Amino acid sequence: MTLFDVPFIYYLDIFGTIVFAITGVLAASEKRLDLFGIIVIGMVTAIGGGTIRDLVLGRTPVFWVVEPLYVWIIVSTTVVTFVVARFHPFPRRTLLVSDAVGLGVFTVIGAKVALNLGHPPVIAVMMGIMTGVFGGVVRDVLTGEIPMIFRKEIYATAAMAGAVVFVNLQWFMPSGMEAINAIITMIVVIGLRLAAIHWHLQLPVFLLSTPSERK
Amino acid sequence: MTLFDVPFIYYLDIFGTIVFAITGVLAASEKRLDLFGIIVIGMVTAIGGGTIRDLVLGRTPVFWVVEPLYVWIIVSTTVVTFVVARFHPFPRRTLLVSDAVGLGVFTVIGAKVALNLGHPPVIAVMMGIMTGVFGGVVRDVLTGEIPMIFRKEIYATAAMAGAVVFVNLQWFMPSGMEAINAIITMIVVIGLRLAAIHWHLQLPVFLLSTPSERK
Amino acid sequence: MTLFDVPFIYYLDIFGTIVFAITGVLAASEKRLDLFGIIVIGMVTAIGGGTIRDLVLGRTPVFWVVEPLYVWIIVSTTVVTFVVARFHPFPRRTLLVSDAVGLGVFTVIGAKVALNLGHPPVIAVMMGIMTGVFGGVVRDVLTGEIPMIFRKEIYATAAMAGAVVFVNLQWFMPSGMEAINAIITMIVVIGLRLAAIHWHLQLPVFLLSTPSERK
Chain A
1 MTLFDVPFIY YLDIFGTIVF AITGVLAASE KRLDLFGIIV IGMVTAIGGG TIRDLVLGRT
61 PVFWVVEPLY VWIIVSTTVV TFVVARFHPF PRRTLLVSDA VGLGVFTVIG AKVALNLGHP
121 PVIAVMMGIM TGVFGGVVRD VLTGEIPMIF RKEIYATAAM AGAVVFVNLQ WFMPSGMEAI
181 NAIITMIVVI GLRLAAIHWH LQLPVFLLST PSERK
Chain B
1 MTLFDVPFIY YLDIFGTIVF AITGVLAASE KRLDLFGIIV IGMVTAIGGG TIRDLVLGRT
61 PVFWVVEPLY VWIIVSTTVV TFVVARFHPF PRRTLLVSDA VGLGVFTVIG AKVALNLGHP
121 PVIAVMMGIM TGVFGGVVRD VLTGEIPMIF RKEIYATAAM AGAVVFVNLQ WFMPSGMEAI
181 NAIITMIVVI GLRLAAIHWH LQLPVFLLST PSERK
Chain C
1 MTLFDVPFIY YLDIFGTIVF AITGVLAASE KRLDLFGIIV IGMVTAIGGG TIRDLVLGRT
61 PVFWVVEPLY VWIIVSTTVV TFVVARFHPF PRRTLLVSDA VGLGVFTVIG AKVALNLGHP
121 PVIAVMMGIM TGVFGGVVRD VLTGEIPMIF RKEIYATAAM AGAVVFVNLQ WFMPSGMEAI
181 NAIITMIVVI GLRLAAIHWH LQLPVFLLST PSERK
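Chains as they are written, first to last, in the UniProt record's numbering: chain A, 1 to 215; chain B, 1 to 215; chain C, 1 to 215.
FYI, nobody ran anything at the bench for these hints, they're computed from the structure.
In this text, all values refer to a predicted model and were calculated from it rather than measured experimentally.
Certain hints may be false.
Below, computed lysine-lysine pairings styled on DSS-like, alpha-carbon distance capped at 27 Å [unchecked claim]:
hint, chain 1, residue 1, chain 2, residue 2
1, A, K31, B, K31
2, B, K31, C, K31
3, A, K31, C, K31
If you want the ones that stay clear, here's a sample from chain C, every Cβ over 10 Å from chain B, calculated [to be verified]:
hint, residue
4, T51
5, L55
6, G144
Just so you know, even glycine gets a beta-carbon here, dropped at the ideal spot from N, CA and C.
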């Protein structure tokens, strides 16, 4: 992982991976999955977005095949969560904030991967969004839910805003400022996400002009 | 896009992309998705089939990463649909015909991509079907439906028939006739699809000889 | 298919493909799919796991594009199943045993593919599991079910145990013993699976310490 010049993004990536694995497991808690199912759901939530990003970019083998440390971290995290959650309720507020941090980090990394490969800004924005939110989409599909990001408070929209900010900063700022650009981006994502949770902000919902004929 | 010698296929591809984005949005209309969810569903419906085709063929980065014009077209289309659909009902009949045209174009393009890469006829037929119908499959999975193509009037079957016709025409006709082969194929797909809609044609349904033990 | 020195694995692979196609079709039997839907479900069940494995490893075009024989075998199998199942109930016990054999073969092949490409043991174990069980996961998603492997008797766990055994045998045994390693692995997978069916063994289920707030 020499993607960034600064190691703190690397540590944040590990942090985001752990947090997404935990939130994935807890989101699936009502489904009565067994231990293996829990591990798969934690895995999918934490690495699903980056996997789809790597596949469409042709960056294969995908990142966790190249660096299996991610696999070990997620397996450990889900097993610990599996045991601990039986005895201690998880602090919901802490998890929401941590999840916002994870979303910010993954958005930066997704956009950065695309820019590094020379892709245009619109693709970098899409890869930022995909890396941030598609793990949760696959998790929801596997557990039989309509993906939360389609219906909930500004979530993917926070990732999109962050990706747009990051791509513009990288374009206009002199090189070597990458760490600062990443921090500004994460502040945008985390700020939007926490504001949306606090004030229950939502995007407008799609409505047809007539009752649907398809019912 | 120099896939075809003639530009009219290129224009039809743009047309198919727009139509599939609209039908994707309308198909999801009962799900109360927000604006971002609508964009994702429009995107998935319009480029999902071609994306899966490119992935299994190892043709990466996938087509819309190479040519981001598709992304802009789909985002614009879905936003316009999002706004317009609040005020005007969409003409259902026009959409069904347009969707059939889109299915025909995408089937031709999918088969052509596989043949261009030197794959055998059976793979070209499969890629034609996948390009035509898998966008709708992913859309249905994301919105919590059993994919429509498994249950509805001859849809994938029309794509299959078209792909078989196109692969045979390309095989037996002298080169340079590609535009004519594409037109014949599209007539087959559109004709079959509209006939199926008009007379409610269906394939036979799978039945077990005994009531299932799995209930 | 010169993956193994011995042809008997090749024959078992064909056998596993046929069996998985049949079980896929039967698992979808309550969904009233049409003939085309049945073919897609049989295809997805039989080649879905290997396809995802090849994609994340960057081994493209995926195996069935390189060797379309798999496609022909699956189409023939599903059509025959479609017809025969109307008149004869399938022998459930035979199918369960055959499915366990298929799981064992696919686990061996998945792990072997990853080791051949030089990936570390943890990735080989994951690829063994994915090849064995992800076809069924995609099948269940397409038919609107929460994937069975998350809830049922030891299934993926049998694949995991087999993959761990195979990777260790390949590591410690002298080369040339591959056929024997494969046989030992299959005995482990089949034995675990049949024992789990017979005694209704299950992994522990995930429980939260407090009633979920998310209801």
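Results for each hint:
no.	hint	in the structure
1	A/K31 - B/K31	holds (22 Å)
2	B/K31 - C/K31	holds (22 Å)
3	A/K31 - C/K31	holds (22 Å)
4	T51	violated (6 Å)
5	L55	violated (6 Å)
6	G144	violated (5 Å)
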